[in-house]
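Asker: Modelling step: build the complete structure from the supplied sequences, incorporating the hints.
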Amino acid sequence: MSDDEHIVDLQENNDLSTKAALGKDEEEDDDDMEQITAQKVLEILETAWINEMCAPEILPDQTDMLELMVSQVSHMEEQMKDLDKNDFRAVVHSMELERVRYIMASYLRCRLQKIETFTQHILNQEDVRESDDKRLSPEETKFAREYSSHVDEYFHKVATQYMPNQQRGELEQRIVAPNLMSHVFLKANVEVPAVIVGVDDEEVDMAPGSQHIIPYQLVADLIQNNQAQLI
Amino acid sequence: MSRANKLFGDKAFELLKDLERSSQTIPAFDDDGVRQVLEEIKAIFEENVAQASSYNSSGDRSLWPLLNYRHAALQRNKRCLLAYLYERSKRIKTLRWEFGPIIPGDIKQALCEPEVQFFNNYSKSLAAFMCNAGCSQGQGIDLTNNLHPPKSLYIEVRCMEDYGKFELDDGELIHLKKNSQHYLPRAQVESLVRQGILQHIA
Chain V
1 MSDDEHIVDL QENNDLSTKA ALGKDEEEDD DDMEQITAQK VLEILETAWI NEMCAPEILP
61 DQTDMLELMV SQVSHMEEQM KDLDKNDFRA VVHSMELERV RYIMASYLRC RLQKIETFTQ
121 HILNQEDVRE SDDKRLSPEE TKFAREYSSH VDEYFHKVAT QYMPNQQRGE LEQRIVAPNL
181 MSHVFLKANV EVPAVIVGVD DEEVDMAPGS QHIIPYQLVA DLIQNNQAQL I
Chain X
1 MSRANKLFGD KAFELLKDLE RSSQTIPAFD DDGVRQVLEE IKAIFEENVA QASSYNSSGD
61 RSLWPLLNYR HAALQRNKRC LLAYLYERSK RIKTLRWEFG PIIPGDIKQA LCEPEVQFFN
121 NYSKSLAAFM CNAGCSQGQG IDLTNNLHPP KSLYIEVRCM EDYGKFELDD GELIHLKKNS
181 QHYLPRAQVE SLVRQGILQH IA
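In order, the protein sequence lines correspond to chains V and X. Be aware that the first sequence starts at 1, since it is given in UniProt numbering, and climbs by one per residue. Be aware that the second sequence starts at 1, since it is given in UniProt numbering, and climbs by one per residue.
The set of hints was computed from the structure by calculation and includes no laboratory data. A virtual CB, placed ideally from N, CA and C, is assigned to each residue, including glycine. Please note: incorrect hints may appear among the correct ones.
Derived Cβ-Cβ restraints for the label pairs, each shown as a range [to be verified]:
1) D64(V) to A83(X): 38 to 46 Å
2) R174(V) to Y69(X): 41 to 49 Å
3) M160(X) to G198(V): 53 to 61 Å
Facing chain V, a subset of chain X residues (Cβ under 8 Å, in silico) [unchecked claim]:
4) Q36
5) L38
6) I41
7) K78
8) L85
9) V116
10) F118
11) Y122
12) P149
13) P150
14) I174
Covered by chain X, according to a simulated footprint, are these stretches of chain V (three or more residues, beta-carbon under 8 Å) [unchecked claim]:
15) 99-107
16) 181-192
Answerer: Spelled out as structure tokens, the structure:
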């Protein structure tokens, strides 16, 4: 019984949040809307995933989209239980679900990897950012802090506690920062005029759909505004 | 100096090279090597302190290069040592992803006490993160699954050891016997494949 309630809950949640996320497309009829929304969420996630994989630094988190997708996936799983296992549709759907799950897991893994590599750097940056400008989700922040303290503890126990006093600290020497000037491949989504490239203020106009190789830092804001995406 | 025939920093570099060369998942923790490097750091430091104070009292400029040289050697030792530990911590993290929350016995012997603790702490943090990841309803996503892009729903596996009964999500019981072959849903057997109990064949 409680199981059933849980499912209903999920679906309601799902409907509410998808509507909230869409908002402006209200004129669509209900069935259609859900279809489109799920697809849109997936598209956003896919872009975020690819961007995250290609960008040298950590990008803003997509917790909302992930939550939508997770509930969508479990919603679909419920529906699929009614289908016969050998039904063609069941096979196609479960394959699709596997793909979606892979994207979500891979996305989160990629972020974790960045957090582990650049822990201190990311935490320092997060400390100066405004609360609505944070790039890590609360869970990620928690993980980062824990991770950083574990590494410190390990280093301290094995080595630094045996070193002479003056040589211990210097934590700032150990900070690993991403190379923001590394080159990335990118595709412009919309027309972007006058992007400054290179050191001598050289400018380039990007046509929609055009592709470029460029140092990441010069286009970081375009990616965050979704004017361009990494490939 | 007591170790005239040995260069500063040799031992520390040796540590790193050994780690780099080893083909094992993780070689045994070089207790002895780490201690020697730490002793060298301490010895250099003490010599430097002694000479720095004599420099302060006498003002003998000729001591300058020596002081600087020792300082550089000290920094290098420290850096190599920390790099050694960092690389090991990276491998320990890989263990968590490959073998799950419990370290296999033979690998555990290669770790020192703080490393085991680091593993456990890391494992705990990761588990906590996965429980809450990307969703507030507390289902979580197991990130250690779905490591590769899915190619097909089912894979053919051969059983490498007697594992016993294995229950699939739909309640079907499968008896995993050594050398038997099965056609199973990939998602559910992935962790068994990674642990080496099942082998993925073609």
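Asker: Does each hint hold? Answer for all of them.
Answerer: Hints, one by one, checked against the model:
1. D64(V) to A83(X): 38 to 46 Å: 39 Å, holds
2. R174(V) to Y69(X): 41 to 49 Å: 23 Å, violated
3. M160(X) to G198(V): 53 to 61 Å: 56 Å, holds
4. Q36: Where the cut-off is 8 Å and the nearest Cβ of chain V is about 12 Å from Q36(X), the hint is violated.
5. L38: 5 Å, holds
6. I41: OK, holds: I41(X) within 8 Å of chain V, min 6 Å.
7. K78: 6 Å, holds
8. L85: 6 Å, holds
9. V116: Since the shortest Cβ distance to chain V is 10 Å, the answer is violated.
10. F118: 4 Å, holds
11. Y122: Constraint on Y122(X) satisfied, holds at 6 Å.
12. P149: Result: holds, 6 Å to nearest chain V Cβ.
13. P150: 4 Å, holds
14. I174: 15 Å, violated
15. 99-107: holds (count 6)
16. 181-192: violated (count 0)
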